[in-house]
Each structure stands twice: as structure tokens, then as C-alpha cells.
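**Student:** For the record, the sequence lines run as chains A and B.
All residue numbers for the first sequence refer to our numbering, where the first residue is 1 and numbers rise by one.
All residue numbers for the second sequence refer to our numbering, where the first residue is 499 and numbers rise by one.
Hints are computed from structural coordinates only; laboratory data are not their basis.
Just to be clear, a hint being listed does not mean it is correct.
Derived list of chain A stretches under chain B, where covered just means 3 residues or more per stretch with a C-beta under 8 Å from a C-beta of chain B [stated by the list, open to error]:
hint: 1; segment: 309-323
hint: 2; segment: 329-342
hint: 3; segment: 351-364
Cβ-to-Cβ under 10 Å is the rule here; a few derived chain B residues that face chain A [said to hold, decoys possible]:
hint: 4; residue: 692
hint: 5; residue: 701
hint: 6; residue: 707
hint: 7; residue: 763
Even glycine gets a Cβ: it sits at the ideal position worked out from N, Cα and C.
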Amino acid sequence: MPGLEFRNVRKSFGAVKALTGVTFAVAEGESHGLVGENGAGKSTLLKILAGIIHPDSGELWWQGTRLSLASPREALERGIGMVYQEMLSFPNLSVTGNIFAGRELTARGGRLLETAMEARTAAILDELHLRVRPRARAESLPAAHRQLLQVARALAFECRILVLDEPTTALTDAEADHLFAVLARLKARGVTLLYVSHRLPEVFQLCDRITVLRDGALAGTFEAGNVAPDQIVRAMVGRDLPPRAEHEASGSFGPPALAVRGLTRRPGFRNVSLSVAPGEIVGLFGLVGSGRSELLETIFGLHRAEEGTIQVGGRPLDARSSRQAARAGVALVPEERHRQGLFFNLSLRHNLMIPARTIAGDVLIRGSREREETDRLLAEWRVRAAGPGAMPDSLSGGNQQKVVLAKWLATKPRVLMLDEPTKGVDVGAKFEIHEIIRRQASHGLGCLVVSSDLPEVLALCQRVIVMREGRIQGELVGEAADEESVMHLATSELKDAS
Amino acid sequence: MKRFWHVRELSTVAILVLEIIFFGWYLWPEGNRSHPFLNAENALLILKYSSIYGIAAVGAAVVIISGGIDLAPGSIIALASVVCGVLFVDAGWGLTSSLLVALAVGLGAGGLSSVLVVAVKLPPFIATLGVMGMTRGLAFIITEGRYFDLSSKLQGGWRPMGLPADWVAPLIMVGLAIVFQVLMTRFQWGRQIFSIGGNETAALFSGVAVGRIKTSVYLLSGLLAALAGVVLALVQGQGKADLATGYELDIIASAVVGGASLSGGRGSVMGAVLGTLIFGVLRNALPQIPGATFYDRLIVGLAVIVIVVVDQLLLKRGE
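If we strip away everything but chain A, and leave its shape as in the complex, we get (with noise of 0.2 Å):
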């Protein structure tokens, strides 16, 4: 049955060529996958699937006829619908209003008809399982349930194709698998899936077949019954990846890079005490919401704890910023690169270089030694870009979060806190993440890695600590730390409560 069909499609970005000729169909009533490292063309397809951007040349078929979609509201109105990574949701609107935004229900002459709109949302939201009052602001809800708002709305506008980008990236496994069961009964009333993600692991529970992308071009369509996600893997990269490296037992001297006492700050997190040996790489792991990254953000002195002490290197660090703490040899890669992590008005020069000469108090920039360093910096990390003066959204994904990451290694720190460094980031870019935080380790560098991702944790990690609603639940060491014991601890009961 024809499907969903892309037909050689094109399409450039001045010199650079996002998708050089894409064909491959995706059959009515199936869920597809679509996997590729980051760079490889997904979004500017999945972009021309919802009529954001038009193909250079090419065409896009649907039930054998031939779709033009203009612009994201004709993509909607011909039954296409779009979950994205980042959460597009209204935070003023109640949840009504998010799922009918830009298509309300109205009387003649304009009038909103509110109670039709509720009732419908109702419906919608009772077949998501969704415990959700239609009025509630979308702001109050968490992540989970905004990301569940975008599959609503694709349903309040029968959708007959729904795109899904990156859906799981903010929610923990229960929350995806609540997203996954919807999904299924989805597809069970013939709903096409089209499925984006960076988790190999969800694409296989979920998808019936696999495309892969790479550099803009098609690497392949495989049965997902008949394929090892290795297979998947090579496909996406084009190389076998090297085996992953043995820790290298960490033997500490001199005082900790980071020790905590007794820290607080409610009500993100209580009475935390840990440490973290130069050299050591440490695991925090917790469910979103355990209080993880205020934790970070309160050492790096962007908030003020209640009670406890920072030491970093024997001294004690009483932080009233950011600028202070760095100073100390403190430095944090943010969650939310975007956000948090880049400036993208400025060039790759002045984004790599402001942490280290801001904190080191320079009064003049002096060009051409920056310029020096920069290329030091890009080569050294692997960064693929086009140089010093290029701008940070001319990156994949990947290579902006390295940016992040050496803007900070050139600040020279002693302890490196990263909350969740791999998040959207392809699978080359992840292994290359890993190996610099290996690396900078090996050179006596304390480092802190907080991330949902299991697997990265157990695999770069010598010690996990398992957080949970704010406190430390245990601490896991070496083998003891496998993925059962510590979700054991991340989910079970507080040990006491005090």
C-alpha cells in the first residue's frame, strides 16, 4: 500500500547540502523509525514533512497522491502532525488552548466555544490515560505530560501521520513507557508513526522498520526484526566504533577536586554530602526531578545554599556566582546547551573563549592569540567546524555540545560537573564525549557526570550515587553498580525520613 513516499529530495543550505537525494517510503499503518547522527538530515526531513522548509527539488507522495505542503498548518490539515524535541507548548495557555491553538472551535462571528473545545479535550486526554484538567495552565504540568500535549493536539486534528522527534529526551522510562503504551494503541487504530530518536533501544521496541541516514543521504532501510542494533550503529557512523575503554583504576592523592558537606537548599535537595577525588569520575544518577541539577547549579554558585560547605581542592568555596565559583576551578556544562551553553550571536572563538578570559579578568581581547587558541581548541576536541570566526549554529549538535565542553576545559578547572553531556547528541558524538571526559580524568581532572542515560553512566563512571527526591539513597561502586541495583535504589523508598 503506498504510503508515505520521499522521492530524491533535495535540499541545501547555502554550500551546505543537508539531504543530497533522499527516497525511501514509509507503508500506511506502520511505525518507521528514522535514525542518524546528528548532522545527517533528519530534521531538515522531518522540517519538510511539516512544510517549515521546501525541498529544493524532490517530492513527497501520500496515499498516492503527490503532497505540497506549503506551510506547517497545510502539513496539519493534511492529516500530518509533529511531536518535537523541544517541548513547543504555550506555557500561558491552559491545556484547552494548547491542543487547539491556532484551530479553536468557533461560533459564527468568532466565538470561542470553550465547553465544546473541553469536551473534546477531555476525550483526547482520557485516551492518553491522561490525568489532566483541560483548564490547567500547561506551565504547571510537567515535562512529561507537555511532550503528551503535542501527541494530543496532533489528535484533535486526526492526525494520520504522526512525527515524532526526540520525544523521550526530558522524560524518565516510566513516562516513556506510558508514551510508548499510547503510541501502540495509536498505531492500533492506523495511525503512521514516523519515529526520531537517538535511542536505538525505544526505535527497536517501537519501530517494524529502520532508516538510516548519513551525511544527507539514504544509508539503508532495515526490517527491524532482521537487524542488530550494531548493524543500525554502523550504518549511522559508517565505521565499526572502537571498544570502549577500560577504566583506568584512579589513584588519588592530596585533598578531593570536590567535596560537599551536608549540603541543602529546599526543595531541590537536602543534606548531600559526596566528594570527588582528582582524577575520579563520578556518576550522579537520579530520576528528573531528584534534585540533580540544582545540586550542580548550587556549586557552580548560581544559588545560594541553606546550609552545608563546598570545598573544592581543600579550600572551601562560598560562591555568590557563577564567576566566583569558576574562579575557584569550578566549572559546569549545562543540561540545555541552547539555553544555557552558547551565545549564537557570537563566532566559536568568542563562545570558547569567554569563561576563560572573563574569569580570568583580562581587560582586552587580544585577537590573534585567541584565534591561536581557538584552532587549538577545535582541533583538539575533534570540533567539526569550518573555524574560529564560524557560528554555533552552523554545528550539528554534536559538535556544539564539544564546544561547550572545551570552552570550559580552557578554563582549566579542577573539578568538571557535566548534567547530562550526551543529551541529543548522536552516537560518534557521545563516544568522543566520553573519551575527552576519560582523558581530561587521566590528567587528574575530578569529574561529576549526571545523566538519566544508564548505560553512559555505568560505562564512563567508577562510582555512581544514586540521588532521589533530593537526598543521597546510596552509592555504588565498580561492579557492585549494574543497571538493576541502581534503579533499585533510584526508585526505592527513602531510607529514612527524617
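Fit chain B to the given chain A structure using the hints.
**Tutor:** Positioned in the frame of chain A, the structure of chain B alone reads:
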């Protein structure tokens, strides 16, 4: 990025040159009469009056690049002229000390804006709207409806530092434009302003002292507005509470015409000053066109839109 600015400023220069050529051609006199627009005297006149906008535009551009907005310059200009007048004319102070107090008042107004923005965390629009009202009000309270005539007290041959008085304001404007262009592009201070304007959260997460830098920006804008007010008092020879009404919007328009983005992170001081010259030429030349007297505000408004749209088109083609 440097090249990018370069291009932006070049396009502003190009607009200015085209404008001058146009008026030069349009106002070409018949016979042997002297050109009413293209002559040295008129050029100095344009520079003299533009420099009031231009000096304040330097500060306003820096605020806009930092992602903020300052609505107070017009009122601060008036307040500074009034303070200068009341001290110099009424209280019989020396000229220098009167000027310094007027500048300090501007600095204080900028300080108030910065406290409201940085410590109270008001949106800059609201904070400076309040400061705008308060400074204008203060100017009226001081004058009680009077105006101070500085010109009669200034000796005819007043030559500060041996320069003709008419040259002082343009020279200050050009000097400030150069100094702050360099500060914004070659100094950490300027780069941090661009970083805050581009992404304030990322600046905070990058160890930039966001509060301190933003404070400096509003202080600067207040100080330079007061300097413009002092210059205005000397150029026009009077201190009045209703001077410079609406200048803040003209100044913001100049910054935008000069390439600044109101969402922050983009723009240049040099461009903003060139922008004030574009408007200065318009304000000077339009009244000389017979029958255009009542059209000048309309044309100035239209010019803002046309210039920014053309600029955007050029920018798009350059990408």
C-alpha cells in the same frame, strides 16, 4: 563577526551618502546662488544638532546590545540641561562645576535604572519608563515653569580648550563613537555585553558577572544622556524642562537603523551614531524643501521602516 559589523556599518554609511547626494541634487540652487544644503556652515549645523542625539545614542546602543532598552535619555537630557541652568544661571556657580553636577545627576538616574533592572529585576522597559517619568518630573519641579537662559551668561567668544564652541559637541560625539566602538569590539567588557544580549542565561552559566555588567551599561546610558543634555544646554543656550521630548524614541530608532537588534546581542555604537546623522540630515534638509514643512515627521517615520527593511534584505542576500 567583525566582518559582519563592518558590512553593517558600511551599509549605514552608504545610506547616509545616498541621502546627502539626493538632497544635494534636489536642493541644487538655480543660477549662481550658494547651495542651501551643501555648504560647510550647514554641515556644521547638522553635526552640532545631531551630536545631541549621537552622544546619547552611544549609551542607548550599548543598552540595546545588552538586550535591554532605555527610555529615559530624553528626560535625562532635559533634567541635565535644567540642573546645569539652575546652578549656572540661578545659583551663580561656575560653568564647570554646574556641568559636573548635571552629569552626576544623569549618572544617578542611570544608577536608579540599573538598580531597578538588576536588583529589583524589573523588565528594562518598565524600569526606564518609570525613570523617564521621574526625571522629567524632577526637571519640571526644578524649573517651576521657568527656563534658564545660559546664552546671555556665556561670553560670546567662549572657546573651550581653544576650540570654536560649535565644534565641541561634534568632536565629543565622534570621540565617544570611536572610544566605545573599540571598547565594544576589543575589550572583555564589550564582549560580555554582546554575550548577555545574545543569551543572558548562557552568560550566567559562563561565569560572566551579568549583574555588574548590566549595571555599568545603564550607568553609562544615564551619564551619556546627561552629557547630551549639557551639550544641548550650551548649544541652544537654555535649560528647559520640556526639551528633548521624544528623543528617546529617535535615539532608539537611530540605533536600530545603525544595525542594532532590539532583541539584543547585535548592533554597533558606530552604526547608532551614523543612524543619528541620517536622521539629522533628514531633519535639516526636509524643511528646506518648499511645501514639505509638515511632512518631516512622517518622512522620518517612514525612513526608519524603509531603512531597516532594506538592511534586512541586504543581510539576507549576504548570507
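**Student:** With reference to the structure, classify each hint as holding or not holding.
**Tutor:** Hint by hint, here is what the structure shows:
Note: the segment 309-323 of chain A has 3 residues with beta-carbon separation from chain B under 8 Å; the three-residue rule is met and the coverage holds. With 6 residues carrying a beta carbon less than 8 Å from a beta carbon of chain B, the segment 329-342 of chain A meets the three-residue requirement, and the given coverage holds. Requiring three or more residues with a Cβ within less than 8 Å of a Cβ of chain B, the coverage given for the segment 351-364 of chain A holds, as 8 such residues are present. At a threshold of 10 Å, the smallest CB-CB gap from residue 692 (chain B) to chain A is about 6 Å, leaving the interface hint in force.
Interface hint status for residue 701 (chain B): upheld, as the beta-carbon distance to the closest one in chain A is roughly 8 Å, under 10 Å. Taking 10 Å as the C-beta contact cut-off toward chain A, the hint placing residue 707 (chain B) at the interface holds, the least distance being around 5 Å. Of the supplied interface hints, the one on residue 763 (chain B) holds, with its beta-carbon coming within about 4 Å of a beta-carbon of chain A, less than 10 Å.
When the structure is compared with the earlier hints, no violation turns up for any of them.
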